[in-house]
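From just these sequences and the hints, can you work out the full model?
Heads up: the protein sequence lines correspond to chains A and B, in order.
Reading the first sequence from the start, the letters are residues 3 to 113 in my numbering.
Reading the second sequence from the start, the letters are residues 30 to 142 in my numbering.
Certain hints may be false.
[Claimed, not checked] According to the in silico footprint, chain A covers these stretches of chain B (three or more CB under 8 Å from chain A):
{"#": "1", "region": "66-79"}
{"#": "2", "region": "131-142"}
[Said to hold, decoys possible] If you want the ones that stay clear, here's a sample from chain B, every Cβ over 12 Å from chain A, calculated:
{"#": "3", "residue": "Lys43"}
{"#": "4", "residue": "Gln46"}
{"#": "5", "residue": "Met48"}
{"#": "6", "residue": "Ala53"}
{"#": "7", "residue": "Glu101"}
{"#": "8", "residue": "Gln114"}
These aren't lab readings, by the way, just hints derived from the structure by calculation.
Backbone N, C-alpha and C define an ideal beta-carbon position, used for all residues, glycine too.
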Amino acid sequence: AQTVTQSQPEMSVQEAETVTLSCTYDTSESDYYLFWYKQPPSRQMILVIRQEAYKQQNATENRFSVNFQKAAKSFSLKISDSQLGDAAMYFCADSNYKLTFGKGTLLTVNP
Amino acid sequence: NAGVTQTPKFQVLKTGQSMTLQCAQDMNHEYMSWYRQDPGMGLRLIHYSVGAGITDQGEVPNGYNVSRSTTEDFPLRLLSAAPSQTSVYFCASSLMTGANVLTFGAGSRLTVL
Numbered sequence: 003a004q005t006v007t008q009s010q011p012e013m014s015v016q017e018a019e020t021v022t023l024s025c026t027y028d029t030s031e032s033d034y035y036l037f038w039y040k041q042p043p044s045r046q047m048i049l050v051i052r053q054e055a056y057k058q059q060n061a062t063e064n065r066f067s068v069n070f071q072k073a074a075k076s077f078s079l080k081i082s083d084s085q086l087g088d089a090a091m092y093f094c095a096d097s098n099y100k101l102t103f104g105k106g107t108l109l110t111v112n113p
Numbered sequence: 030n031a032g033v034t035q036t037p038k039f040q041v042l043k044t045g046q047s048m049t050l051q052c053a054q055d056m057n058h059e060y061m062s063w064y065r066q067d068p069g070m071g072l073r074l075i076h077y078s079v080g081a082g083i084t085d086q087g088e089v090p091n092g093y094n095v096s097r098s099t100t101e102d103f104p105l106r107l108l109s110a111a112p113s114q115t116s117v118y119f120c121a122s123s124l125m126t127g128a129n130v131l132t133f134g135a136g137s138r139l140t141v142l
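Structural data, given as structure tokens:
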């Protein structure tokens, strides 16, 4: 079974600072996709960013970027210029057929 | 365009009762799935379907039943509710598996007493 590991149950960051959330995965597939989802207190699951494993270039979406290290099976999320609205649970997930989620990292943003 | 609609949003059951969580999508997505979310456990896949008439088990299928008679609907049935099934349930769909981004419903909080 696929396993996605998020080693940081909780993280905190000061507003306007940068924070990096860690994620490792263990898929043996050659073609797969990686995702970061955000879940604010409203409970809604929101896609933050997606990375295609065959692309070497790291995905970027505005203040959100990833550091994709395929050989190490590592997929970390960097949030720059953190905002209060970034406070949420963040889930890493991998998918070649079914989406497998990590256990999540709770991010707190301090004003 | 409603996206993925789950009902009910909240439900309290007694042990042994049965119920169905409804999920409907209007995006003509082939892939639909059910997850449960428990504190400290992330989201775990219960059942999924890659098209009408096709379903398969995920990571935690015991105690749940699904069917996919139409592309739009993917109900999740609890046959005999147990306290261990107290959880938040999410239905999610995508055009296909793998690359496609899942669209999630708003979630259903189920409490089994």
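Now for the hints, and whether the structure bears them out:
1. Check on the region 66-79 of chain B: 7 of its residues sit with their Cβ under 8 Å from a Cβ of chain A, so the three-residue criterion for coverage holds.
2. Counting residues of the region 131-142 of chain B whose CB lies closer than 8 Å to any CB of chain A gives 4, so the stated coverage by that chain holds, three being the minimum.
3. The claim that Lys43 of chain B lies off the interface holds: its Cβ sits roughly 24 Å from the closest Cβ of chain A, which is beyond the 12 Å cut-off.
4. Listed as outside the interface, Gln46 of chain B is consistent with that label: its C-beta sits roughly 24 Å from the nearest C-beta of chain A, beyond the 12 Å cut-off.
5. Here Met48 of chain B stays apart from chain A, with its beta-carbon at least about 20 Å from theirs, past the 12 Å limit.
6. Ala53 of chain B, annotated as away from the interface, keeps every beta carbon of chain A farther than 12 Å; the closest lies near 17 Å.
7. No Cβ of chain A comes within 12 Å of the Cβ of Glu101 of chain B; the nearest lies about 20 Å off, and the non-interface call holds.
8. Even its closest Cβ contact with chain A, about 18 Å, leaves Gln114 of chain B beyond 12 Å, as expected for a residue assigned away from the interface.
Hint compliance for this structure: every hint is met.
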